[in-house]
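Chemist: Protein chains in written order, with this note's numbering: chain Y, 1 to 412; chain U, 1001 to 1155.
Hint data in this document are derived by calculation from the structure and do not stem from the laboratory.
The beta-carbon is built from N, C-alpha and C at its ideal position, and this holds for glycine as well.
Simulated crosslink set (BS3-like; lysine-lysine; CA at most 27 Å straight-line):
#	chain 1	residue 1	chain 2	residue 2
1	U	K1015	Y	K142
2	U	K1099	Y	K326
3	Y	K137	U	K1020
4	Y	K137	U	K1015
5	Y	K155	Y	K22
6	U	K1016	Y	K137
7	Y	K133	U	K1069
8	U	K1020	Y	K133
9	U	K1015	Y	K155
10	Y	K293	Y	K305
11	Y	K71	U	K1015
12	U	K1016	Y	K129
13	Y	K152	U	K1016
To be clear about the criterion: a stretch of chain U counts as covered by chain Y if any three or more of its residues have a C-beta under 8 Å from a C-beta of chain Y, and this derived list gives those stretches:
#	region
14	1064-1070
15	1114-1128
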Amino acid sequence: MERVLLKNIENPNSADIDEYMKVGGYRSLPKALDMQPRDIIDEVKKSGLKGRGGAGFPAGMKWTFASADPKFPKYLLCNADEGEPGTFKDRPILEKNPHLLIEGMAISGYALQAEYGYIYLRGEYPDAKHALKKAIKQAYEKGFLGDNILGKGVKFHLAVHQGAGAYICGEETALIESLEGGRGQPRIKPPFPVNVGVFSAPTIVNNVETLANLPYLIEIGADAYSKIGSPDCPGPKLYCVSGHVEKPGVYELPMGTTLRDIIYTHCGGIRGGKKLKAVIPGGISTPVLPPDKIDCPMDFVNMPKHGSMLGSGAVMVFDETVCLVKVCYRALKFFEHESCGKCTPCREGTGWLRSILDRIERGEGREGDIDMLLDVAGNMFGKTFCPLGDGAASVVQNFIKHFRPEFEEHIK
Amino acid sequence: MNRTDELIKEIQEVKKSYPKTKAALLPVLYLAQREFGWLRPEALEFVSEALDIPKATVKGVATFYAMYKHKLMGRHLIQLCTNVSCMIFGAERLVDFLKNKYGLEVGGTTADGRFSLVIMECIGACGTAPAMLVNDDFYENLTEKYIEEILEKYK
Ligand SMILES: Cc1cc2nc3c(=O)[nH]c(=O)nc-3n(C[C@H](O)[C@H](O)[C@H](O)COP(=O)(O)O)c2cc1C
Ligand code: SF4
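Looking at chain Y on its own, in the form it has when it is part of the complex (with noise of 0.2 Å):
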């Protein structure tokens, strides 16, 4: 397959904008431009892109909430929080590839009629600033951004919005909430962002991989688009793999290869030949997986067919050295930082999980503690305010599931 995502990022000027435009780069503006905001919604609509930030929530339809929200001015922010750990993918286009995603950014801002625009950038990431702000300068100054794009009178404005080291600001609200100076913890919905979004206007908030796509999307059209990868869920796909393989990295591949391929194809296996203990497939809080389930494609449709999730597309391999419990534990440790505290399920439940897991670990877990994590984690599930405390829960419920008798072995 034609590098799409990573194109050129051997080459190591590919963040400056010449080298950008020598492969092709900003093509697909213009062409933009001469289109009708509606046809680019229809045409990403017709694409079957899903949105990559890890829910797969299809990109034309969120854009056609938002574009049928009468109100002005909208707003088009940019997920660039990648922290569920695993996650690694959306840092190359970042770092190496940063007109790209300006180039998606303008695009989608016309389709969407935003003025304005906002990249929410992780503050762990100090090289993929410099690279962005120096990107939009550059943009700025051949026209590419501005008040009057290419001469065309489209206005786009693209800043970069540095968050603070908290993970919950991934999530669309609690990213809204910290863009607008605020404590990030999520907001109820409804009302949605497409409609009620930052500075109360509508708002569409899409990760860095999937406006990364809209460059190649109108370059090719729709048609040849959506005949990439699994036909459910198509594109190219970055999926991160970090663990025990031989060759750990971001690799650009179909969407809907199966996790066997990504793993033994393409990483070269498990390193030093040892044999695979588990696999999560899609960042932290996916469930994890065992080796006779990694035939799965890895894509939105599939894999929660198969027990899990797609999620970021952060493989994290363990081979038999490594202890689950630990790993467990170390998830559960993660997920306590990380719970906003507005709820009490997942503020109170991630700090008992993570107790009991440690004791376990440790060697001094007791009789019924299983039990015990499973009935905090039953409590916790479905029952929080946002997504994370799900997450914490399931990861819980998936390892025992999976490997419960190591967990007994702790305790015995």
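With chain Y's structure known, arrange chain U with the ligands on it following the hints.
Modeler: Using the frame of chain Y, we list chain U with the ligands on its own:
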């Protein structure tokens, strides 16, 4: 122009990026942290006045986010990830190493004020774990020996 005037000018510039002043709070807290070294009470007061936001609100926001500092830090900030992908490649051993070799506790500062250590929750370098940031610089595929070499560069 003195430092404060310069800072106020920078704040004016930041405010232009947003339709509402309050949205400038996060970036302005970063500026205040840079100028005052950490978010000491005077820094929070300064931000509150500069943006005309109640002090309690400023403090509430500043304490929500992990990257704002509420005590004096060493000259160089080591931010080491110990989340799962880093953990399975020995990040905890590195925490012990920093403690034994440099007397650096988690959340603490060396006696000579050279380094502070903060444990991070995933810094997006999972494919090259374990990883850390020293100030704004990324370092990956860490080992004890490599850390020693790196830290030599920060005096
Ligand atoms: C706890 C939590 C953390 C999230 N973190 C991110 C993130 O770091 N990046 C991201 O793009 N989406 C994240 N999301 C999903 C966003 O809420 C939102 O669905 C997404 O940005 C929409 O963009 P998309 O439709 O292009 O996927 C997170 C959601 C939750 C509940
Ligand atoms: S589930 Fe957790 S993170 Fe989400 S609102 Fe409740 S306390 Fe906050």
